[in-house]
Structures are given as C-alpha cells and as structure tokens.
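Asker: These are the residues of each chain, in order.
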Amino acid sequence: MTLLLLSLLACGPDTTKPGDTLDGGSNDGGSSDGGSSDGGATDPGELPAAAAARADLRLKRWRQLSLDLETALELPGDALCLETGLYDCRDMHVVPLGGTSVPNGLYDTINTVAATTGLAMERFVLQACWNRAKADKALLEAGQPAVVFSHLSDPMGTSATAEELNAQTSELYRRLLARDPLQAELDALAGLHGTVLAEGAKNADWAVLACFTIGTTTEALTY
Amino acid sequence: MARLSRRDLLQAMAASGGLAAAAGLGAFSRSAQGADGPRFLITFGCFGGASMLDCYMPVSSSEALTVEGRGTVISYDTVQPEGSNIRSVNRSIPTQFLDLYRDQMVVLGYQASSVNHFTAQARSVNGRGIYAGRTLGEAVAAVHGASMAMPNVNMGRGGYSEPGLDPTLDVRFRPEIVTNPVTFPLSASGWRGVIEQSEGEGLAIQDPEMMALLVAHSRELREGTLEQLSPFAKTFGGARRRQELLYARGESGARMEVDDLIQQLFFVPDLGEVLPLSRYGLTPSEEVDRVLSYLPDAFPTDVSGTPRDRLQAQAALAYMLIKSGASASVTLTDPGTDGFLAFDQSHQSHRSAQEAHWDRVLNVAARLIELLKTAEYQDSGQSLWDRSLVLFATEFGRDKWDTGGSFGTGHHLNNGLLMVSPLIKGNQSLGRPDPNNGFISGFDPDTGEAYAFDDIAPGQDPLFTDERLPPGEEPVFGTVLAALGISYDGQETLPVVLG
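Protein sequence lines correspond, in order, to chains C and R.
Under this note's numbering, the first sequence has 143 at position 143, and the numbering climbs by one with no breaks.
Under this note's numbering, the second sequence has 423 at position 200, and the numbering climbs by one with no breaks.
These are calculated hints, taken from the structure and not from any lab test.
Some clues are possibly wrong.
[As the list claims (entries may be wrong)] Across the chosen pairs, the derived CB separations fall in these ranges:
(1) D78(C) <-> T626(R): 47 to 53 Å
(2) M156(C) <-> E599(R): 15 to 21 Å
(3) R513(R) <-> D154(C): 35 to 41 Å
(4) P76(C) <-> F630(R): 52 to 58 Å
[Stated by the list, open to error] With a cut-off of at most 20 Å between alpha-carbon atoms, the simulated EDC-like pairs for lysine to aspartate or glutamate come out as follows:
(5) K60(C) <-> E419(R)
(6) K134(C) <-> E424(R)
(7) K134(C) <-> E74(C)
(8) K457(R) <-> E70(C)
(9) K137(C) <-> D187(C)
(10) K457(R) <-> D78(C)
(11) K134(C) <-> D430(R)
(12) K648(R) <-> D322(R)
(13) K60(C) <-> E467(R)
(14) K137(C) <-> D108(C)
(15) K137(C) <-> E419(R)
Note that the coordinates shown come from a computational prediction; the quantities given were computed from them, not determined experimentally.
Even for Gly, the Cβ is constructed at its ideal location relative to N, Cα and C.
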C-alpha cells in the first residue's frame with residue numbers, strides 16, 4: 001500500500017485517478033482472472049513520473065520482505081524460503097536483510113547495504129517464486145485452480161500466446177508491485193519469454209523467472 | 224542442456240548490465256593495489272578483556288607484592304624459553320604457541336582509553352578515529368582488497384564489528400557481517416543452490432548451468448530495461464538506497480558469483496540431513512578435507528547449523544576467504560564457551576576465565592596460521608602466512624589483584640596486546656609488568672627499552688598523566704597499518720615493532 005501511495009503521489013492528481021488505480025492494482029492476493037483484456041497494461045503516456053525531490057527510500061527489511069511475499073504469493077512465512085531445505089532465510093540472512101542478531105552481539109542494524117544484501121534478497125524472492133510454482137503445480141494436478149501461475153495453458157510447453165504471457169505478467173505485477181504493468185513492461189517480459197525459451201527453457205521456467213525479475217526490482221524491494 | 228564455459232558465465236554475468244559490466248571483466252583481476260600483491264589482516268577480537276598479565280606479560284609468583292587488605296598482585300609460575308625474550312605463564316598452550324611463533328611475536332604494553340566493552344572494542348580497531356575514522360579492516364580493504372569481492376569480512380561482535388566513520392569510504396570496504404561461518408557461503412550467490420535438484424520437475428532452472436544463463440537474462444532485463452522505464456525508477460532513480468542496492472548487485476554481488484564463492488567458501492562437506500549440499504547442486508571447496516584436518520570442530524552436528532566450535536568455524540572461513548582471494552581483512556571474535564561473555568567471565572572467576580579463553584584463541588590462531596603456511600600466494604613462492612598479520616585485540620585489561628579464592632576482577636585500562644606476523648620484528652616483549660601493582664609499563668618506541676615504575680610505592684597506581692604508561696590506541700593502530708604497508712597523514716608508529 002505504501003508503494004501504491006508513493007506511486008500515486010508521484011503521478012500527480014491530473015494523471016491517474018486514485019480509484020482507477022486501486023481497482024486495477026489491488027493486491028488482494030486473489031486475482032487470477034488475467035486482468036483486463038489487454039493484459040492489464042497501462043499506457044505509459046498516463047504516467048509522466050517526475051523525479052522526487054526527496055527520494056528518501058528505505059530498503060525492505062527481512063520482516064517486510066517476508067510479509068509482502070506472504071501476501072503476494074499466498075504462502076506462509078515458513079514456506080517462503082528455506083536454505084538447503086532447512087534454514088529459514090529470515091534467520092539466515094537476517095543481518096544483510098537489515099535485522100539484528102542478539103546471539104551474535106549485533107544489537108543495531110547495519111546502516112548500509114551489505115555486499116550480500118542484493119544476493120540474499122534475490123535468493124529469498126527466487127525461492128518464494130519457485131515454491132509458489134510448485135504449490136500451484138500440485139494444485140493443478142489435484143484438479144484445483146492455481147493461485148498465481150494460472151495463465152499458461154501448457155506450463156511444460158515451449159510456446160504461449162501473447163494473451164497468456166500478458167495475463168501472467170499482469171498477475172505478477174499486481175501481486176508483487178500492486179500496480180498494472182506498462183505496455184512496455186508487458187513487452188519486455190514477453191521478450192524474456194522468447195529469450196529463455198530459445199535457450200531451452202519451458203513456459204514454467206519463464207513464469208518463475210518473471211516472478212523473480214519483477215520481485216527483485218528496486219520497486220519491489222524498497223518503500 | 225547447454226554446457227557453459229567459465230568465460231560464457233563471465234559474459235553472461237557482464238551482460239546482466241550491472242556496474243561490473245560497465246567496469247569490464249578486468250575488474251575481476253586478482254591484481255592488488257600494491258605492486259607486490261596484497262597483505263592480509265586477521266584480527267582476533269578478544270571479547271571481554273584478555274589480560275596480558277595472564278598470558279605473555281605475567282608477574283612471577285616469587286616477585287608479586289602482597290598488600291594486607293588488598294591482596295596479592297596477580298602472578299604465575301612463569302617460563303621464558305631459551306632464546307626467547309618473551310615470558311609466558313607456565314601452561315602448555317601459551318608456551319607451545321611461544322615455541323612455534325616467538326620469532327614473529329611482539330607482546331607490548333597497551334593502554335586502552337575506555338573500560339566500556341563496546342567502546343574499547345571499537346577503539347582497539349579504529350585507533351580512536353585517527354585515520355579519518357577508518358577501522359583497521361576498512362583501511363586494509365581499501366588498499367589491499369580493492370579488487371576483491373568481500374574485502375572486509377567481520378565475524379566479530381559488539382564494537383569489533385562496528386563500521387568506521389569515514390564518509391568518503393566506498394561502501395564495499397565496510398565490514399561484511401557474518402553470523403554463521405558455516406552457512407554464510409549461501410549468501411554469495413543470488414541463485415545457485417536455491418532450487419533443489421532432485422525434485423523431478425524437469426525444468427531448465429533446476430540445472431545450475433542453465434540457471435546461470437537464464438538468471439543472467441533475467442537480470443539483464445531487470446537492470447537494463449525494467450529499472451529504466453518504470454514510473455518508480457523515474458521518480459526515485461536517484462534515491463541513495465536504491466543506488467546502493469544496484470551498486471551492491473552489480474559490483475560486489477557480481478564478483479562473488481563470478482568467483483563462485485558460494486562453492487569456493489564452503490569448508491564443510493555435504494552433511495546429509497544437517498547440510499544437504501549436493502541435493503541443491505552445491506559442491507564444497509576441494510580444500511574441505513585439509514581445512515577440517517586443522518579445524519576439526521568447525522562444522523555443525525545438528526540442524527541448528529551451529530558449528531561445534533564457532534571460533535574454529537570462523538577460522539575456517541577466514542582461511543577460505545583469504546585463500547580464494549575474496550578478502551584482505553577478516554575479523555574473528557571468541558564467542559565464549561557460554562556463547563557470549565568469553566574473557567568477561569573474569570568477573571566471576573578471573574584465573575579460570577583467562578586461562579580458558581587465552582588457550583582457546585591461541586589454539587585456534589595457531590591452527591589458522593598453520594593452514595595459511597600450507598597455501599602459496601599465487602605462484603610467488605610465498606605462503607599466505609608470509610603476507611599476513613594476526614592481531615589479538617585485547618579490548619582492555621582486568622584488575623590487577625588476586626583477592627583470594629576464585630576471585631573475580633573488574634575492568635582496567637592498563638593491559639597489553641599481541642601481534643604475530645612475519646612482517647614485524649618478532650621475539651620482543653615491550654614494556655614490563657610491575658610486581659608491586661600489576662601495571663604494565665610503556666617503553667621507548669625506538670629502542671624498546673622498558674620504562675620502570677620504580678618510584679611508585681607498592682600498591683599505588685601510576686597517574687593517568689604518567690608518561691611511562693604504555694602506548695594507546697593511535698600508535699598501535701598506525702603500527703599495524705605500517706606493517707601492512709599502509710601509510711596516512713599524521714601516522715604515529717612504534718618503530719621498534721617494525722624493525
């Protein structure tokens with residue numbers, strides 16, 4: 001919600017109606033209908049963002065990162081990310097993710113971005129996306145609808161329609177960034193599909209990578 | 224699946240569009256700032272006050288003064304091995320350590336400026352801010368670790384892990400905090416080892432080499448396109464935290480992945496249910512067996528992931544960091560047998576605490592030094608140890624009087640410290656413990672001649688203004704850096720240590 005408000009403030013009152021954005025960019029975690037017919041794209045011309053004079057961003061700490069991923073991907077916190085299947089990322093990466101470690105005598109958080117902060121965030125998001133994909137696959141195999149990765153008719157296939165890709169991308173943008181993607185962003189993610197499939201990947205690979213890519217933008221990791 | 228060469232991976236990484244790419248692959252070269260390669264600083268933070276009176280500057284029991292109502296100056300049965308200028312408490316580990324390294328050891332009187340734990344710890348590694356506020360680790364990282372992935376790794380606690388105050392210092396040289404040396408390598412990649420290999424999903428991202436390529440494509444899209452065109456990026460493009468995160472990803476993060484530190488730093492083998500590395504496509508360093516032969520208690524035995532001996536695990540990671548060319552400065556801290564207090568257990572029982580923890584840090588330091596001796600620095604004919612300095616940062620001293628029984632002691636400014644290195648003039652004990660009050664004196668910084676507190680009445684303390692007190696944080700700081708080939712304006716040193 002904070003991100004949404006920041007975006008609204010940045011856009012200014014003359015460009016996007018708050019009501020429109022709230023409807024189109026809600027992060028209620030339940031949207032799986034593929035959004036609007038155009039995949040939820042927003043015309044870039046509607047968002048003439050101006051540089052913020054006081055760009056005082058904060059990095060999401062481990063708890064915020066975890067809670068946001070829990071909501072976005074509808075997974076419990078302890079199922080988001082376990083290193084080697086055993087060690088909860090919220091504990092293991094707590095210091096580079098802005099936490100403290102009393103057992104190690106670290107009572108204050110580090111007031112900088114550690115060398116490993118970016119990598120720890122990537123690991124956290126990547127595994128959360130992977131775990132969501134696995135859970136969705138299990139749901140589909142059980143005859144139930146997938147929660148997040150629901151827009152690809154053939155996940156193990158090597159082709160998908162533009163509508164499928166746009167719908168899946170829009171789903172991820174709404175869940176991870178609480179907004180609709182720009183047309184240029186839809187095009188970029190569709191381009192990634194072509195690129196990774198040319199390397200030998202499948203639709204499901206792209207879906208996880210799209211989740212990772214969107215979920216590790218600085219827009220997703222700061223507030 | 225496509226099989227990628229190391230060069231392919233480098234190119235894929237460079238294609239991700241980060242700062243590393245902008246800097247070119249040459250940024251990953253091993254060349255150091257100095258013409259003859261890097262020097263390495265290993266700091267043992269002796270948490271709680273490691274008293275030199277209880278190790279290498281002891282008062283002999285036969286000389287110690289007893290004052291009625293006050294007690295007896297803390298004293299020991301002492302030994303001074305033939306050929307050594309250093310006196311030791313007569314206990315196996317300190318004497319063995321002395322036998323092994325006396326020609327590279329300097330013991331000197333040292334006067335701390337605070338008896339607050341965190342303040343004294345921080346000052347012991349930042350010289351009270353004498354070098355623009357940089358810590359020893361930061362100073363070494365900036366000179367010797369400029370091309371390294373994690374030039375300044377800190378496994379310390381409290382003040383030993385505090386960053387310095389120099390605002391001009393590149394954030395890459397700030398301490399990289401490590402809480403668990405065993406699992407830390409998992410922080411050195413954004414993707415490798417994240418996804419289990421044996422789940423039978425049949426996806427490309429389960430193949431590590433394919434994953435490297437696919438993640439590189441994803442990052443290229445993210446940094447090169449999405450981070451440029453989104454309204455958020457346009458609005459907050461210049462935000463400091465955003466820039467720092469992008470910098471960390473494109474600079475340090477890229478270096479860690481190119482050097483494959485997630486695997487190179489693993490000093491433990493696949494431990495099955497405790498640490499199932501192979502199931503996640505991870506292969507530990509080929510040095511595992513050798514490291515564990517020197518540091519056998521460095522690995523965990525249960526799913527807590529906590530190593531059996533945390534200090535040995537720190538030493539193992541320190542070695543791996545130096546050996547792999549990832550770090551120029553590493554800081555370790557004795558976690559204490561209770562997990563916390565270490566030397567500060569002296570409040571409860573001075574002698575047993577000092578004995579247990581001196582033995583512990585000396586033992587682990589010797590194991591680390593021997594490991595470093597076995598590894599050659601590139602093809603120089605020199606070992607890694609030939610280029611290293613170990614500093615035992617003792618925080619502060621303890622009270623000087625044995626009041627009987629299993630007495631405890633409070634904090635005291637007066638103490639000493641220990642350096643071991645082939646880069647200094649060893650076999651020296653600088654300063655002298657006074658049997659009348661337990662104070663360790665200063666010394667002439669050029670000749671090493673000890674000052675004497677002869678005119679101070681038995682049982683009385685020297686004044687704070689007494690010029691015979693030992694050197695404080697600033698000259699010790701300057702001396703350590705000078706030994707490592709680092710100079711700065713106004714640097715104060717102890718020439719007798721440097722030889």
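Asker: The structure should be examined with respect to each hint, and the outcome stated for every one.
Answerer: Okay, the hints, checked on the actual structure:
no., hint, verdict
1, D78(C) <-> T626(R): 47 to 53 Å, "holds, 52 Å"
2, M156(C) <-> E599(R): 15 to 21 Å, "violated, 50 Å"
3, R513(R) <-> D154(C): 35 to 41 Å, "violated, 50 Å"
4, P76(C) <-> F630(R): 52 to 58 Å, "holds, 53 Å"
5, K60(C) <-> E419(R), "violated, 26 Å"
6, K134(C) <-> E424(R), "holds, 9 Å"
7, K134(C) <-> E74(C), "holds, 13 Å"
8, K457(R) <-> E70(C), "violated, 28 Å"
9, K137(C) <-> D187(C), "violated, 26 Å"
10, K457(R) <-> D78(C), "violated, 35 Å"
11, K134(C) <-> D430(R), "holds, 16 Å"
12, K648(R) <-> D322(R), "holds, 16 Å"
13, K60(C) <-> E467(R), "holds, 13 Å"
14, K137(C) <-> D108(C), "violated, 41 Å"
15, K137(C) <-> E419(R), "holds, 16 Å"
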